[in-house]
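**Student:** Sequence:
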Amino acid sequence: MTDIEILDLVVIGAGIHGLAMTKTYRDAHPHASILVLDKSSTIGDNFNLADDHIPGEHVNRYLHSYAETFSLLKHVRLNTSVESAVDRGSTGWMLTVSQHTESSERKYQIAAAKLVVATGLTSEPFMPTLHGKETFAAPIYHSSQFARAEHGLGDFKRVALLSGAKFSWDIAYMYASTGIQVDWIIRKSGHGPCWMMPNRLTPFKIIPELLLQTRLITWLSPCIWEDGFSYARNFFHQHWLGRKIADTFFAKMQHATEEVNGYDSHPETAKLKPWDDVFFIGTNRGLLNYDGNFFKLVREGMIKVHVADITHLSDHSVHLSSGDVLQTDVLICGTGWKDTPQLNFQTCRELGLPGHTSSSAQEHVSQADAHIFKTCPKLQNQPGPRYPTPLVDKTDELKPEPYRLYRFMVPPAFLGSQTLAFAGAYRSPATTIIAQTQALWITAFLDNRIPELCDLDTRTSDRIMYETVLHTQFGAWRYSRGFGARFPELWFDCLPYVDLLLKDIGVRNQRKKTWFSERFTPYMPADYVGIVDEYLGLKANAS
1 MTDIEILDLV
11 VIGAGIHGLA
21 MTKTYRDAHP
31 HASILVLDKS
41 STIGDNFNLA
51 DDHIPGEHVN
61 RYLHSYAETF
71 SLLKHVRLNT
81 SVESAVDRGS
91 TGWMLTVSQH
101 TESSERKYQI
111 AAAKLVVATG
121 LTSEPFMPTL
131 HGKETFAAPI
141 YHSSQFARAE
151 HGLGDFKRVA
161 LLSGAKFSWD
171 IAYMYASTGI
181 QVDWIIRKSG
191 HGPCWMMPNR
201 LTPFKIIPEL
211 LLQTRLITWL
221 SPCIWEDGFS
231 YARNFFHQHW
241 LGRKIADTFF
251 AKMQHATEEV
261 NGYDSHPETA
271 KLKPWDDVFF
281 IGTNRGLLNY
291 DGNFFKLVRE
301 GMIKVHVADI
311 THLSDHSVHL
321 SSGDVLQTDV
331 LICGTGWKDT
341 PQLNFQTCRE
351 LGLPGHTSSS
361 AQEHVSQADA
371 HIFKTCPKLQ
381 NQPGPRYPTP
391 LVDKTDELKP
401 EPYRLYRFMV
411 PPAFLGSQTL
421 AFAGAYRSPA
431 TTIIAQTQAL
441 WITAFLDNRI
451 PELCDLDTRT
461 SDRIMYETVL
471 HTQFGAWRYS
481 RGFGARFPEL
491 WFDCLPYVDL
501 LLKDIGVRNQ
511 RKKTWFSERF
521 TPYMPADYVG
531 IVDEYLGLKA
541 NAS
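Using full-length UniProt numbering, you'd call the opening residue of the sequence shown number 1 and step up by one each time.
There could be a bad hint or two in this list.
Unchecked claim - Computed Cβ-Cβ distance ranges for the label pairs, DEER-style: (1) 273 to 77: 20 to 30 angstroms; (2) 153 to 338: 39 to 49 angstroms; (3) 174 to 526: 29 to 39 angstroms; (4) 234 to 107: 31 to 41 angstroms; (5) 64 to 251: 42 to 52 angstroms; (6) 27 to 266: 50 to 60 angstroms; (7) 27 to 239: 42 to 52 angstroms.
Everything labelled a hint here was simulated from the structure, so no lab data went into it. Even glycine gets a Cβ: it sits at the ideal position worked out from N, Cα and C.
Hey, can you work out the whole structure from these sequences and the hints?
**Tutor:** What follows is the structure, encoded as structure tokens:
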């Protein structure tokens, strides 16, 4: 070990959340010593194969351009992993890090006054237990790795694909559209195929993401966060007529998607019909943003769908519970990511992460559930239970507890010391807007500039824990057929969530110029230009 490096702020993760955090904190503290650590060899590495309608390489180039434009690269240290983080109380954290080069490895320590973990939920691939994989004699990849490992699609004649998530649709299309046979395995014991929407919604050809960032549409979905429009929310979720309108909206959305996709028009496409009501699905959905007709490839047999479980593997063969044996040159697993930051925290305080929570939150669960059901009566009418079979045999890799972070960012136990925050521990289509807003909120939190958190006593701490549980329980009921019981999913709630954070800080959340546009036009990143300056103005006036 060399001498200890002493820094004001360390950010782990050089993706969109880490870069936004670095720029925002530096804007507020121009002379602070800031370091961004990332285990990858390039910033924004997980976006090289981003599961989105924008190609991953475009997002990656944008992040590089963003970092260069705002002179952030000088703060970034790549090929560096954090092995452990030791809690030193009010003085911060002692980090043990390892920096890798092609020929060597150097370990050293960093004393960080503040620590922000910005690795998000997609930093570590989650791979299933596959019995017999040692005899498979063919590549097995996670969906985030295969293209990099093969420098493209690879030289395969037959491809086996496991998962019903959006990325699997993309991979199936890429191979089948070039004439390569795809055997697509959707686990019978899993969640089924995800919802896939048209990339434009009729009759006005509206981009779906823009609807999610339009206030009128957000009112139709239950939400417990106060956005300044309680009268509208009360109408749509407390009054019988409003509830009828909201129910009709979601029913029409589901029917229109089923009709356009034509699931029932062919026995093979019927296998891709989602198993759950669209209302209770969170972010496990996507857009049909392909040049050709995806379902035509299914009908023609280029994509063969198997609703079955993998029992075991043998030489270039995948054995299914249906009795089918699939011959293949490769197996690609679109089985998601490990939910929790892969960092060894050493602290006696509760971290609010799966595997790091205690019973202190449990005493608030029943009260929170009662409030949710009173405010959002529809959430009492839940679909019947389903018990998917775990993808792994090791029970220590399964973390049944949810995230319990205040505002989805800070463990309640660390609100007093203001030394730790998590950025990006959620899923949402509004990542750009939320990343900037979280960065500003965390900056204000580290500055002790959030009024609700300035004077923490026992009563305030109890209220904070209740709000933390309330928000996490809301996700569990709102997106019960998604991942809401495990981590925050922000779909129809992304705009109200941004409202919540800005109101905490004291920055204007209603940012449109007219009454009409505030309610009926979508919010875009440009609408939030100036929020950092507004915060700095508030900070200066309070000094």
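**Student:** Take the hints in turn and mark each one as holding or not.
**Tutor:** Quick rundown of the hints versus the structure:
1. 273 to 77: 20 to 30 angstroms: violated, 48 angstroms
2. 153 to 338: 39 to 49 angstroms: violated, 26 angstroms
3. 174 to 526: 29 to 39 angstroms: At roughly 33 angstroms between Cβ atoms, residue 526 and residue 174 fall inside 29 to 39 angstroms, so the hint holds.
4. 234 to 107: 31 to 41 angstroms: With a Cβ separation near 57 angstroms, residue 234 and residue 107 fall outside 31 to 41 angstroms, so the hint is violated.
5. 64 to 251: 42 to 52 angstroms: holds, 44 angstroms
6. 27 to 266: 50 to 60 angstroms: Taking Cβ atoms as reference, residue 27 and residue 266 lie about 55 angstroms apart, which means the hint holds.
7. 27 to 239: 42 to 52 angstroms: At roughly 44 angstroms between Cβ atoms, residue 239 and residue 27 fall inside 42 to 52 angstroms, so the hint holds.
Hints 1, 2 and 4 from the list above are not met by this structure, while the remaining hints are.
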